[in-house]
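A.B. asks: Please arrange chains B and C on chain A, whose structure you already have, making use of the hints.
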Amino acid sequence: MLHTVNKSPLERNTLESCMRLAKAGSAILLIEDGVYGALRGTRAADAVAARMNDFKFYVLGPDVAARGLSEAPLIDGIEVVDYGGFVDLVAEHEAQQAWL
Amino acid sequence: MMEDDDFEPEAIKRFMYVNRKAPYGTIYALESLETVLISAAFDQDVSVVFLDDGVFQLTKGQDTTGINMKNFSPTFRALEGYDVEKLYFEKESLEARGLTADDLVVEVEILSTDELREIMAAQDVVISA
Amino acid sequence: MAYQLNGQTFEADEEGYIKDISQWSRELAELIAEDENIDMTDDHWEVVNFLREYYEEYQIAPAIRVLTKAVKKTMGPEKGNSKYLYELFPYGPAKQACKIAGLPKPTGCI
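Chains as they are written, first to last, in my numbering: chain A, 1 to 100; chain B, 1 to 129; chain C, 1 to 110.
Excised from the complex, chain A in its bound form (with noise of 0.2 Å):
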């Protein structure tokens, strides 16, 4: 399963309830205000650095430049992916789970 998330996790608590019923093994994609769940250093930040090994975590980076966020230290082991390897990931997961 492919989640995308496009809230951020310091302002509402998509991202928490999405990493809460995520099953292990799945796809997390940060998108829109949701990249700021990858910013290292941040309230929410240990919270998604303590579920690496269970998930994995992608940040789509045109929404991380437009938010000045491209030299900002992200979370180890979060890929960043463009428009291209969005489209990849829906292709590779059967299903896809969009948290509003």
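Source of the hints: derived by calculation from the structure; they are not laboratory data. Ideal Cβ placement from N, Cα and C applies to all residues, glycine included. Treat the hints with caution; some may be incorrect.
Unchecked claim - Here are the simulated distance ranges between beta carbons: (1) B:109 with C:81: 28 to 36 Å; (2) C:7 with A:49: 58 to 66 Å; (3) C:11 with A:56: 42 to 50 Å; (4) A:82 with B:107: 29 to 37 Å; (5) C:42 with B:107: 30 to 38 Å; (6) C:9 with A:17: 44 to 52 Å; (7) A:25 with C:23: 46 to 54 Å.
As the list claims (entries may be wrong) - Incomplete in silico selection of chain C near chain B, CB under 8 Å: (8) 57; (9) 58; (10) 59; (11) 60; (12) 62; (13) 65; (14) 66; (15) 69; (16) 80; (17) 104; (18) 107.
C.D. replies: Chains B and C only, in chain A's frame:
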């Protein structure tokens, strides 16, 4: 001082705009900025506050070409020309996001929650986004 | 509406502000000015260029009060006043000059 007050045609009010949303994911941040620019024509005592995810609005290095939206972070630097000079950031919000004053596009005043609470309480009008 | 120049069409809104700022050229500016009954002199260009630089830096078209103040700061008080700017652009310096400069309508103009 009392005599001066008697001749004051219209009292200047204290307006505060409170920004709590990240840019781009929703339209709140841009609309709030436009409201500030428009209302700046009315010669009021205006302050703009950034707290919670609102502090992300002023991060340096924003490049929106990849998401096909207008980058409005440079517009915050125009506020001074509109006589909007009081920009307040909540220290606790910055810290929760691993940000410092160096990460922001304009010089701002960083206040603690306690300081901000007092300033908020003293406003005539507070507009939130 | 739209402007036609050298066989090319430039889309504009109903008030004549071009939709794609990147399409702007001096030639197109001359054409928009003609539509506004303005004969572009060096003084007009000075203001139009100033507006384009302002937009480049801040990503907005300034309100008239802000424009006047900014012009005063860089070009001096004899140009940074509304009388001078209205003589150049009688239907409103911010609106008319912005249109010629290819910028959107100034924020705060009704």
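A.B. asks: Which of the listed hints are broken here?
C.D. replies: 16 and 17
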